[in-house]
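S.K.: Each chain, written out:
There are 2 protein chains.
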Amino acid sequence: MAGPSSSPASRSAASLTNNEARSLFVLSAVCVAVLANTFQGDGEPLIASLAFSGLAYAATYALIRWLGPTFIRAGLKGVDMSKHTRRELPECMGAVCAVVYLLVVICFIPFPFYKDIVAATSGGGNKDVVLQVEHVEQGRFLHRFPHSKLASYLSAIISLQSIAILGIGDDLFDIRWRHKFFIPAFASIPLLVVYFVDFGVTSVVIPLPLQPYLGELLHLGALYYVYMAAVAIFSPNCINILAGINGIEVAQSMVVALLLAGNDVLYLLTPYPHPATDSHLFSLFLLLPFLGVSAALLAHNWYPARVFVGDTYCYFAGMVFAAVAILGHFSKTLVLLLIPQAVNFVYSTPQLFGLVPCPRHRLPRFNARTGLLEPSVTVWAAERQPNRAVAWGLTVLGRLGLLRVTLGAKGEFVETSNFTILNLWLVWRGPLREDRLAKEVLAVQAVVGVAGLVVRHRLALVLFREDNWGVGDVL
Amino acid sequence: MAGPSSSPASRSAASLTNNEARSLFVLSAVCVAVLANTFQGDGEPLIASLAFSGLAYAATYALIRWLGPTFIRAGLKGVDMSKHTRRELPECMGAVCAVVYLLVVICFIPFPFYKDIVAATSGGGNKDVVLQVEHVEQGRFLHRFPHSKLASYLSAIISLQSIAILGIGDDLFDIRWRHKFFIPAFASIPLLVVYFVDFGVTSVVIPLPLQPYLGELLHLGALYYVYMAAVAIFSPNCINILAGINGIEVAQSMVVALLLAGNDVLYLLTPYPHPATDSHLFSLFLLLPFLGVSAALLAHNWYPARVFVGDTYCYFAGMVFAAVAILGHFSKTLVLLLIPQAVNFVYSTPQLFGLVPCPRHRLPRFNARTGLLEPSVTVWAAERQPNRAVAWGLTVLGRLGLLRVTLGAKGEFVETSNFTILNLWLVWRGPLREDRLAKEVLAVQAVVGVAGLVVRHRLALVLFREDNWGVGDVL
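Line by line, the protein sequences are chains A and B.
Quick note: the first sequence uses numbering that gives the first Met the number 0, first residue 0, plus one each step.
Quick note: the second sequence uses numbering that gives the first Met the number 0, first residue 0, plus one each step.
Simulated from the structure, these hints should not be mistaken for lab results.
It is possible that some hints are incorrect.
One copy or any two copies: either way a pair holds, since identical chains are not told apart in the list.
Claimed, not checked - No more than 25 Å apart at the CA atoms, straight line, and that leaves these computed lysine to aspartate or glutamate pairs for DMTMM-like:
(1) K409 to D277
(2) K331 to E19
(3) K409 to D434
(4) K76 to E87
(5) K438 to E373
(6) K409 to E382
(7) K76 to E414
Model the full assembly from the supplied sequences, consistent with the hints where possible.
M.R.: Here you go:
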């Protein structure tokens, strides 16, 4: 590892412009003022969370700029293959996001769980028990976060720290695809273990049409933990797999986070007290700082990217979603919002499972002459043609317009486009500039997500006795 | 970063011998059997913790061996300067310890906090509150870990994960000494925040002779948090600074852990229930797996070392001690056990604070002719002599036998030994082989530690109304 010296060029690229420094300073000052005010007053946690998110944005923005050369010196670097000049860019900047995010959500802990320490009795051992009884009996904290949610919040932090450590390990050591697929499973252990110890509800409500056969509640037992682990594995991996062009990893995560946050706000607007309000408040406390650090990363990772995010970011983002969904009991809503990613995953399976050869990189091909992206392809040599079943599948997909298939003079396969929705979009829309492709895919994702939420809240009224949004009470 | 291929040589160096594989397999099988038994029976957490620690040993031992070449490929490597052949060894292996340790303590969570899920009422929202009332009213879990300690345990895990992330960052980016000194402060934030939310006791008991003036309890308030942060900064840094020869970082940490664990066992032997028993059980649950992973690391790091531990290990070890001491309310005991490290720190201050030039490495000098270690020295050029005050200090230390001072013909300073107790020990004892030096310093540490514990339990009876060991009840 190199010494601390750095060339003047890298130093200037690694410093904030005067404008940036001024804006970040003003933002930070405003946030600190809001925080100080919150602390003196009643400690309104949602305002505090917003202020913390602003601070997280400022800190992440500055740190990503400052640490770029350090990351490159430590070997965390990559080349942008979709540009004319192939410069080395810092890789794994998601780790900066993760560290700032974790610091912020840790420092935030007192706000929702704030209680008057002066009023507490002095002395040792049994004080916490005394306080719990008081809490249960007088309900004096019920208008804020219940104190008993502390363990949930802490377990979410532990899961997120675990995924950060494992993600950094992946970025450092380049773990193989089939091994790293299960990294989120390890990181979900804290969530599941604390869920087991502290909550332990493993029943699901049965949809009305099925209730005559299955009863009102289905006790899943151990299967429920398998389900939660599956959500925790699915969410990070499907974000990690929809990648390859500037900004797409961060922007898609922000779309999901914004939709989840929007869904949370719906619950806050219902008349209090509503059983699910606390879960969605909890979800906002974790999502707002995530939006803060992600926005700062996107500013550096959007086309033309000056940093890469690394697997760390994708895993981390997916785990934030899994944590809020599992602990907030709205994992089905999360799955709805990840439909584009799920489609991309299902579409990718022929290559992931080895039916079709899978090159190291499947990102769209950069055409240096036009400056546009085109679908990247798998080449089929004459002596290595697909077997009969695969050939039939490729032909069908080609006819359906779900694949670009190029056949040779004798009808043999010459090349097929790679199985990602980014390539498929380019097959449909023709060559696009990198940022244009990202914007269009993100727009589709946003539309699908909003539609999913609408369907979810409408359909819930049909399938269940009541939607947990509360509107179902009129039925 | 290199691809997944590895040479046959590195592959054989990275695999377990048949004997090792057999021993580790038997150990793991026994531990799994014990665990399964514990789970079926009453769930005795201390037995489970021992079994988990055995598994942690086996996993760490195997992973350190297997991952060596991967670490070297990723650039995490260093050269052993105290050997004839200067081979490149994997660095930062403490990160493996940390990850295995964290996984183990997370999976361990259900054991102390075990409760009958079948007996729990089904359904949503308020179940946790119901359980707490039940717990408070019937006291049915009082013979095990109180459920309310879950937050403490989780906050300890969060602090340890934070130090692991920051330590890995330090090992990757080679952060400067005066910056990285404060890394443990960041990592202690989770401990302090959860302490603030969940406990909030900030008074200390005043020694009897001072009680007429200060009262029985002194309310420290915010100062108590400063004190706890100071312990959390002191413990990791003072372990990190007593380093430089094979095995010393790990072995000194194991001595401290063993002494802390021995102290904990003393409390478990008192008649139940004792107010401090739970704290010391909690401490054992965190210390036993630490001893497991450390023993596996020591097997690879002891003279002649085949891996290096990295700053990650030292920080991590220190934070384990800080976490158990802070949450268990025996931070003064911890400080007693770290006296050798504190002496080393105080002795180092002339170089740390720049009064005497501080070279990049202060580890003892390897004499290739004898194969022994000798004190390393700071050279004083004729034109860069110490100023009058420093010269006086050096002379006094030399006369007291606390420094080797070599004077020139005209009485000018030629060289002085570096300010570490490892060098000082070599000044006193003459050249020693590396493992001999380590063993002697460790023996001194163990003797000082045992003496400290004896004094602490005897003196407590004089200074306080009762020792929290409970023997003081007879006074």
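S.K.: For each hint, tell me whether it holds in the structure or not.
M.R.: Structure-based check of all given hints:
In this homomeric assembly, K409 and D277 never come within 25 Å of each other (Cα to Cα): the closest approach is 65 Å inside a single copy and 79 Å across copies. Taking the shortest Cα distances, K331 and E19 never come within 25 Å of each other, neither inside one copy (40 Å) nor across copies (47 Å). Proximity of K409 to D434 under the C-alpha cut-off of 25 Å is found in neither arrangement, the shortest distances being 38 Å within a copy and 74 Å between copies. Taking the closest pair of Cα atoms, K76 and E87 come within 25 Å of each other both inside a single copy (6 Å) and across two copies (23 Å).
In this assembly of identical chains, the alpha carbons of K438 and E373 lie at most 25 Å apart only when taken from the same copy (16 Å versus 65 Å across copies). Only within a single protomer do K409 and E382 lie at most 25 Å apart by alpha-carbon distance; the minimum there is 13 Å, versus 86 Å between protomers. Taking the closest pair of Cα atoms, K76 and E414 never come within 25 Å of each other, the shortest separation being 31 Å inside a single copy and 43 Å across copies.
Checked against the numbered hints above, the structure breaks hints 1, 2, 3, 7 and satisfies the rest.
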